[in-house]
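*Asks:* These are the residues of each chain, in order.
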Amino acid sequence: MAREAVIGLECHIQLATRTKMFCGCPVGFGAEPNSAVCPVCMGLPGALPRVNARAVEAAIVLGLALGCRVRAESVFARKNYFYPDMPKNYQITQYDRPICEGGALGCEVEGEVRTFDLTRIHLEEDAGKSFHPERHGDRRLSRVDFNRAGVPLLELVTEPVFHSPAECAAFLTQLRRLVRWLGISGGDMEKGQLRCDANVSVREVGAATLGTKRELKNLNTIKGVERGVAREIEAQCALLDGGERIVQATLLYDADRDRLEVMRTKEQAHDYRYFPDPDLPVLRLRADALDRARAEAPELPWAREARYREAFGLPAYDAQVLTEDRAVSDYFEACRPGTDAAAAKLASNWVMNELLRVLKERGWGVADWAARVPAERFRDFLARVGARELPGPVAKQVFEWLPDEDGTVPELLERHGIRVSGGEDELRPMVRAVLDENPGPVQQVLEGREATFGFLVGQVMKRSRGQAVPQVVNRLLREELDARKGS
Amino acid sequence: MSTPLWSWSARAVAEGVRAGRVAPEDAVASGFDDVAPGFEPWVNAVVHTDAETRHANARDARRDGPLAGVPVLLKDNLCSTDFPTTCCSRILDGWRSPYDATVVRRLREAGAVVVGKGNMDEFAMGSSTEYGAYGPTRNPFDASRVAGGSSGGPAAAVAYGLVPIALGSDTGGSVRQPGAFCGVYGLKPTYGRLSRYGLVAFGSSLDQVGLFARHAGDLAETYAALAGPDPFDASTRAGAAPDVSAWDSGVRGLRFGWPENLWVEGVEPAIVAALERAASLLERAGAVRVPLHFLPGRYAVATYYLIATAEASSNLARFDGVRYGLREPADDLVGLYTATRGAGFGPEVRRRILLGTYALSAGYHDAYYAKAQRARTRIVREYEAAFASCDLMLMPTTPTAAFRLGEKTEDPLAMYLSDLFTLGANLAGVPGLSVPMGLDAQGLPVGVQLLGAADAEPVLLRAARALEVDGDVSRMARGPEREVAWPAKR
Chain S
58 MAREAVIGLE CHIQLATRTK MFCGCPVGFG AEPNSAVCPV CMGLPGALPR
108 VNARAVEAAI VLGLALGCRV RAESVFARKN YFYPDMPKNY QITQYDRPIC
158 EGGALGCEVE GEVRTFDLTR IHLEEDAGKS FHPERHGDRR LSRVDFNRAG
208 VPLLELVTEP VFHSPAECAA FLTQLRRLVR WLGISGGDME KGQLRCDANV
258 SVREVGAATL GTKRELKNLN TIKGVERGVA REIEAQCALL DGGERIVQAT
308 LLYDADRDRL EVMRTKEQAH DYRYFPDPDL PVLRLRADAL DRARAEAPEL
358 PWAREARYRE AFGLPAYDAQ VLTEDRAVSD YFEACRPGTD AAAAKLASNW
408 VMNELLRVLK ERGWGVADWA ARVPAERFRD FLARVGAREL PGPVAKQVFE
458 WLPDEDGTVP ELLERHGIRV SGGEDELRPM VRAVLDENPG PVQQVLEGRE
508 ATFGFLVGQV MKRSRGQAVP QVVNRLLREE LDARKGS
Chain W
25 MSTPLWSWSA RAVAEGVRAG RVAPEDAVAS GFDDVAPGFE PWVNAVVHTD
75 AETRHANARD ARRDGPLAGV PVLLKDNLCS TDFPTTCCSR ILDGWRSPYD
125 ATVVRRLREA GAVVVGKGNM DEFAMGSSTE YGAYGPTRNP FDASRVAGGS
175 SGGPAAAVAY GLVPIALGSD TGGSVRQPGA FCGVYGLKPT YGRLSRYGLV
225 AFGSSLDQVG LFARHAGDLA ETYAALAGPD PFDASTRAGA APDVSAWDSG
275 VRGLRFGWPE NLWVEGVEPA IVAALERAAS LLERAGAVRV PLHFLPGRYA
325 VATYYLIATA EASSNLARFD GVRYGLREPA DDLVGLYTAT RGAGFGPEVR
375 RRILLGTYAL SAGYHDAYYA KAQRARTRIV REYEAAFASC DLMLMPTTPT
425 AAFRLGEKTE DPLAMYLSDL FTLGANLAGV PGLSVPMGLD AQGLPVGVQL
475 LGAADAEPVL LRAARALEVD GDVSRMARGP EREVAWPAKR
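Chains as they are written, first to last, in my numbering: chain S, 58 to 544; chain W, 25 to 514.
Note that these hints are calculated values from the structure, not bench results.
Heads up, the beta-carbon is just placed ideally off N, CA and C, and yes, glycines get one too.
Wrong hints could be hidden among the right ones.
Unchecked claim - Stretches of chain S that chain W covers, calculated by requiring three or more beta carbons in the stretch to come under 8 Å of a beta carbon on chain W:
#1 132-141
#2 282-288
What the hints assert, rightly or not - Some chain S residues close to chain W (C-beta under 7 Å, calculated; not the full set):
#3 Pro96
#4 Glu324
#5 His327
#6 Asp328
#7 Pro335
#8 Leu337
#9 Lys417
#10 Arg419
#11 Trp421
Unchecked claim - Result set (DSS-like, lysine-lysine): computed pairs, CA atoms no more than 30 Å apart in a straight line:
#12 S:Lys519 - S:Lys542
#13 S:Lys248 - S:Lys280
#14 S:Lys280 - S:Lys323
#15 S:Lys136 - W:Lys432
#16 S:Lys402 - S:Lys417
#17 W:Lys432 - S:Lys323
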């Protein structure tokens, strides 16, 4: 009989706030162990938590982006269990009244757009990090680094809506893009900024109820999620094929050996004894907090991608690449030398082909580039390229100077002793000279003999020794002739 | 002034220090050198102190604050950097806090001199100061009797004259009850008026730092210096604390509730007599007696012990031997936890952790913890209703005067019931003040309790001042008739 897998994901998003969830300690990666700690995040006697408003804002921003219901009143609760990397031996989290409920995230899976429903998103604190066990002489010791203890997390829980490992991977990829776009998390799974557990069950196709689930932990990469879930589906199918029953359990995925190991079974499950944290009052959002957040909500990457295709007329590939990163996208929009499709395509080409290459070569972010080449400066450069003032090879050369040297494009050219014939400033005197020297043909053109216009173009081209760009010559001639018509 | 410094009020000491007439070092020395030798060996009010630190604190005290140079004893569950903070528990033996509690910081900013840590029931769990790791505190009025608890040490120290004021904590009566037993004022402010940051938590939604003094005016001065919002404690009330500067402005026109039904049985005649005396004093001063029937939640004791123990079971989870305090070596993690907590916690603390864990457990959560929360909501409403018809209520602090050592330690339930009149204020979050009303026929102090609506501290202090008839209670504890053969210190 045919079976289908049913999967739900629990994603932990580490927030890129400056300070921790309930104290003022800095959030950072790679600091000296146990250096970013204080009485609060070490759980010292008498210390009390206080809520990081930036983390709450991040939860609202993500909730609105995903179409969640954001609760005006949510409640922090204590989840009680003993573990050495949990300073208080309880975690402050949210339980029956989380800050966000419902919502959905759409993404493309194998060429088809699918929408995955969410259950909730809630705020909580991270635990420290255990390193164990290590051998010290005849003793085995574990060590704990509490720098991570108290770092803000958003836990996002989906409904059991996935049916394949590929769907899980696509969802996570999309979620990562979103949290980065919103600027609320680095989203780097390798650094633990985005973590994922999967609840996997298998049932007969068409069955009304879910099968018994097993929970997969330690899925540290998107590839790991995909492969771990695939392994687990195979494992459960094999058990069912053998006539066995699935027993509720928590498993660890070992990516190196591509294997699942049982961490604990249902009998060993914790009773977390949740109750509202008496140290923290009900989290009440200010009456205008949601309206303000809605007003300030950024355009989402997929909306912007569509706009680039539809309003800017960019090819699908360009639109996608340019909306991978919000800073790149914002810069691209600011440096377009015009509002038409040609200007968009020109800017797109230079950003995608040249700018992204430089960023990669130099290990820069867009901000590093923009600090040297503000969008206006790049827009001026692109305008000159668009006006064909800079022949191709010269344009590429100027681009290379932009981040390392000050000055306008003409200044750069002059500094490096490059003369570009065909620049408007240089051509206009030639145009005027040709008109002055050929009053007869000028008169003919003014009287409507278009054929003679070609003669004048030829004269200017000749005078520039063939360096001028015909389109520019055409435009300048028209302008100068129009001026004479009126006089 | 010829009276010794130890008998001065806090306000008099501060005034003397501000005027340059009194040295903070002398104020501290008077209590420790002149009085303590006759009491401390058998009262056992202080668990952590040393002359050098006391002296340094006195030397460094600000001479211009409202509490300039005033010696103050802290209950051993208030974090300070200068003395150990152990909650009188083995599990925190020798632990020193790297930070000052907010109230301690504010004390120092006001010029007060922290002189040490006072005895208490382990983690504030008890009503007699017999459950601590450093032995019981005895009542300065009668060595065979308890000082009350859990803040027994600070209460006794104020009573015998070691310090003019002390800080305790009140989760179910732990300031008001020892205040009554030791014949001193004990104020539990409105929940959220004094910061809990740095108060080692027992029942977080009930805990409140409380004050001991021998004079109503000293309570007002100390309250004014400490009360107010604290960004480090999200449960503090927003806005400025109520102004208590009019503590000496009389009680004319105040309506005081008289819930006589509370003491028809089970309350000692001496305490009923003290209530009658207090009522007529208030009436003579112009207050109006409002008889009312008040039975705040027949289930208050049960409600209280479910909520307090549930919160405690979680609050005390952090004492595990991993980061600080006692660590009993073991072969594995669970062994470390069980050995450390088994050896570190005394029987009463273990009992309450077990009760609270049970009350929160899956399958029992709704029947116990959730039901207790609903009952608490009703109790809050009952208090609100009572205060609709009066400005304050007059009622017993305790059903009896100080009981004998060992009398209730074998019967936890009897011990829990001795909090009958006090724990309602903690459930409702309202302020309560125990006022000394002299001694009974056996020479034991009796107290009465004033309760008010949230932020009614100014009203309670005015009434307490109106009842201030017996003068300096420290002299009562020092009378020569008390100098009998005290049992040797444990």
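*Asks:* Each hint: holds or not?
*Replies:* Status of each hint after checking the structure:
1. 132-141: holds (count 4)
2. 282-288: Since three or more residues must qualify, the claim that chain W covers the segment 282-288 of chain S is violated, with 0 doing so at under 8 Å.
3. Pro96: holds, 5 Å
4. Glu324: violated, 14 Å
5. His327: violated, 10 Å
6. Asp328: Holds, because the Cβ-Cβ distance from aspartate 328 of chain S to chain W comes to roughly 5 Å (cut-off 7 Å).
7. Pro335: Cβ of proline 335 of chain S sits 4 Å from chain W, so the hint holds.
8. Leu337: It holds, given that the least Cβ distance between leucine 337 of chain S and chain W is near 5 Å, below 7 Å.
9. Lys417: violated, 44 Å
10. Arg419: This interface hint is violated because 43 Å lies over the 7 Å limit.
11. Trp421: Result: violated, 39 Å to nearest chain W Cβ.
12. S:Lys519 - S:Lys542: Holds: lysine 519 of chain S and lysine 542 of chain S sit about 24 Å apart, inside 30 Å.
13. S:Lys248 - S:Lys280: Roughly 15 Å between the alpha carbons, so the hint for lysine 248 of chain S and lysine 280 of chain S holds.
14. S:Lys280 - S:Lys323: Between lysine 280 of chain S and lysine 323 of chain S the Cα gap is close to 28 Å, so the pair holds against 30 Å.
15. S:Lys136 - W:Lys432: violated, 35 Å
16. S:Lys402 - S:Lys417: Answer holds: lysine 402 of chain S to lysine 417 of chain S is near 21 Å, not above 30 Å.
17. W:Lys432 - S:Lys323: violated, 43 Å
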